[in-house]
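Chemist: Given chain A, work out where chain B should sit, using these hints.
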Amino acid sequence: EAQVTQNPRYLITVTGKKLTVTCSQNMNHEYMSWYRQDPGLGLRQIYYSMNVEVTDKGDVPEGYKVSRKEKRNFPLILESPSPNQTSLYFCASSPIYRTGENTEAFFGQGTRLTVV
Amino acid sequence: SQKIEQNSEALNIQEGKTATLTCNYTNYSPAYLQWYRQDPGRGPVFLLLIRENEKEKRKERLKVTFDTTLKQSLFHITASQPADSATYLCALEALSGGYNKLIFGAGTRLAVHP
Chain A
1 EAQVTQNPRY LITVTGKKLT VTCSQNMNHE YMSWYRQDPG LGLRQIYYSM
51 NVEVTDKGDV PEGYKVSRKE KRNFPLILES PSPNQTSLYF CASSPIYRTG
101 ENTEAFFGQG TRLTVV
Chain B
1 SQKIEQNSEA LNIQEGKTAT LTCNYTNYSP AYLQWYRQDP GRGPVFLLLI
51 RENEKEKRKE RLKVTFDTTL KQSLFHITAS QPADSATYLC ALEALSGGYN
101 KLIFGAGTRL AVHP
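From first to last, the protein sequence lines are chains A and B. Counting from 1, one number per residue, gives the positions in the first sequence under the working numbering. Counting from 1, one number per residue, gives the positions in the second sequence under the working numbering.
Worth flagging that the hints you see were computed from the coordinates, not collected in a lab. Treat the hints with care, since some could be wrong.
To be verified - With the C-beta cut set under 10 angstroms, the calculated list includes, among others, these residues of chain B facing chain A:
no., residue
1, L70
2, K101
3, G105
4, G107
Said to hold, decoys possible - A partial selection of chain A residues facing chain B, derived with a Cβ cut-off under 8 angstroms:
no., residue
5, Y48
6, N51
7, V52
8, V54
9, P61
10, G63
11, Y64
12, P95
13, F107
14, Q109
Said to hold, decoys possible - Derived CB-CB ranges, DEER-like:
no., chain 1, residue 1, chain 2, residue 2, range
15, B, P40, A, S80, 28 to 36 angstroms
16, B, G41, A, E62, 24 to 32 angstroms
17, B, Q2, A, E1, 33 to 41 angstroms
18, A, N28, B, Q14, 25 to 33 angstroms
19, B, Q72, A, G16, 40 to 48 angstroms
20, B, E60, A, P39, 28 to 36 angstroms
21, B, H76, A, K18, 41 to 49 angstroms
22, A, N28, B, P114, 25 to 33 angstroms
Everything numeric in this text was worked out from a predicted model, so none of it was measured. A virtual CB, placed ideally from N, CA and C, is assigned to each residue, including glycine.
Looking at chain A on its own, in the form it has when it is part of the complex (with noise of 0.2 angstroms):
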């Protein structure tokens, strides 16, 4: 079965502690990104890579890092969690993201953190 997984699906830390969340996709696809979900925001951007060690920031990307070291994961890193970031967080990838070429968006089921 196509998709994107994610992990953990829940997370509470403290503020300060590193965490990472998981991300993988069966797909082969080339173009995976991260986004936060926050009410009334919508989905915005963190980070996006277009491939294996191809990243870049998206429009939020304060406070996060990420890594493409295969094409099939893509893990978020939080170095020191602050309670700004406590959201709701998806992973998604797509076969390929160039100008002209439009495909949709499959999208993990999302990790829900809360840092206190």
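Modeler: Then chain B, alone, in the frame of chain A:
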């Protein structure tokens, strides 16, 4: 400034009626627009994509229109069912930072009552 706007208030309709959701945008010139469905606590699921040269797209009970003059897309669900209750997101392709990416609206929650 660039904006994508969807009705923030929930849309409540009776089963069997047609639901119409609106997506307006300003200061974008998207070549494509997409609609997604999102259930509570779950990731968005792709429904339909419409291109700028397509006025209308249909898929089963779903219909999407795209008016680049009005800068608006309408999403219709005919013969609505309680199972259609969810939040619906529109997303448009926009050039930003040298590459095309999806920009999402905040979504409109639809509640279909028996």
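Chemist: If a hint holds in the structure, say so; if it doesn't, say that too.
Modeler: Cross-check of the supplied hints:
Using the Cβ-Cβ criterion of 10 angstroms, the hint placing L70 of chain B at the interface with chain A is not satisfied: the shortest such distance is roughly 21 angstroms. Given hint, K101 of chain B at the interface with chain A, holds; its Cβ is 7 angstroms from that chain's nearest Cβ, closer than 10 angstroms. Given hint, G105 of chain B at the interface with chain A, holds; its Cβ is 6 angstroms from that chain's nearest Cβ, closer than 10 angstroms. Proximity of G107 of chain B to chain A holds as hinted, the smallest CB-CB distance being about 6 angstroms (cut-off 10 angstroms).
Proximity of Y48 of chain A to chain B holds as hinted, the smallest CB-CB distance being about 7 angstroms (cut-off 8 angstroms). The closest approach between the C-beta of N51 of chain A and any C-beta of chain B is roughly 12 angstroms, which is over the 8 angstroms cut-off, so the hint fails. Taken as an interface hint, V52 of chain A does not check out: its beta carbon lies about 17 angstroms from the nearest beta carbon of chain B, beyond 8 angstroms. Hint status for V54 of chain A relative to chain B: violated, with the closest Cβ pair at about 11 angstroms, above 8 angstroms.
Among the interface hints, the one on P61 of chain A is violated; its C-beta lies about 11 angstroms from the nearest C-beta in chain B, farther than the 8 angstroms criterion. Here the hint on G63 of chain A is broken, as its CB sits about 19 angstroms from the closest CB of chain B, past 8 angstroms. Hint status for Y64 of chain A: violated, given a least beta-carbon distance of 16 angstroms to chain B, over 8 angstroms. Because the smallest distance between the Cβ of P95 of chain A and any Cβ of chain B comes to about 12 angstroms, over 8 angstroms, the interface hint for this residue is violated.
Restraint check, F107 of chain A versus chain B: the minimum CB separation of about 3 angstroms is within 8 angstroms; hint holds. With its C-beta approaching chain B no nearer than about 5 angstroms, Q109 of chain A sits inside the 8 angstroms limit, and its interface hint holds. Judged by the Cβ atoms, the range 28 to 36 angstroms given for P40 of chain B and S80 of chain A holds: they are separated by roughly 30 angstroms. Separation of G41 of chain B from E62 of chain A is about 26 angstroms and conforms to the stated range, judged on CB atoms against 24 to 32 angstroms.
At about 36 angstroms, the beta-carbon gap between Q2 of chain B and E1 of chain A stays in the expected band of 33 to 41 angstroms. One distance hint, 25 to 33 angstroms for the beta-carbon pair N28 of chain A and Q14 of chain B, is violated here, with the actual separation near 44 angstroms. Between Q72 of chain B and G16 of chain A, the C-beta spacing of about 45 angstroms keeps the proposed range 40 to 48 angstroms intact. Separation of E60 of chain B from P39 of chain A is about 30 angstroms and conforms to the stated range, judged on CB atoms against 28 to 36 angstroms.
Look at H76 of chain B against K18 of chain A: about 47 angstroms separates their beta carbons, and that is inside 41 to 49 angstroms. Judged by the Cβ atoms, the range 25 to 33 angstroms given for N28 of chain A and P114 of chain B is violated: they are separated by roughly 43 angstroms.
Hint compliance for this structure: hints 1, 6, 7, 8, 9, 10, 11, 12, 18, 22 are broken, all remaining hints hold.
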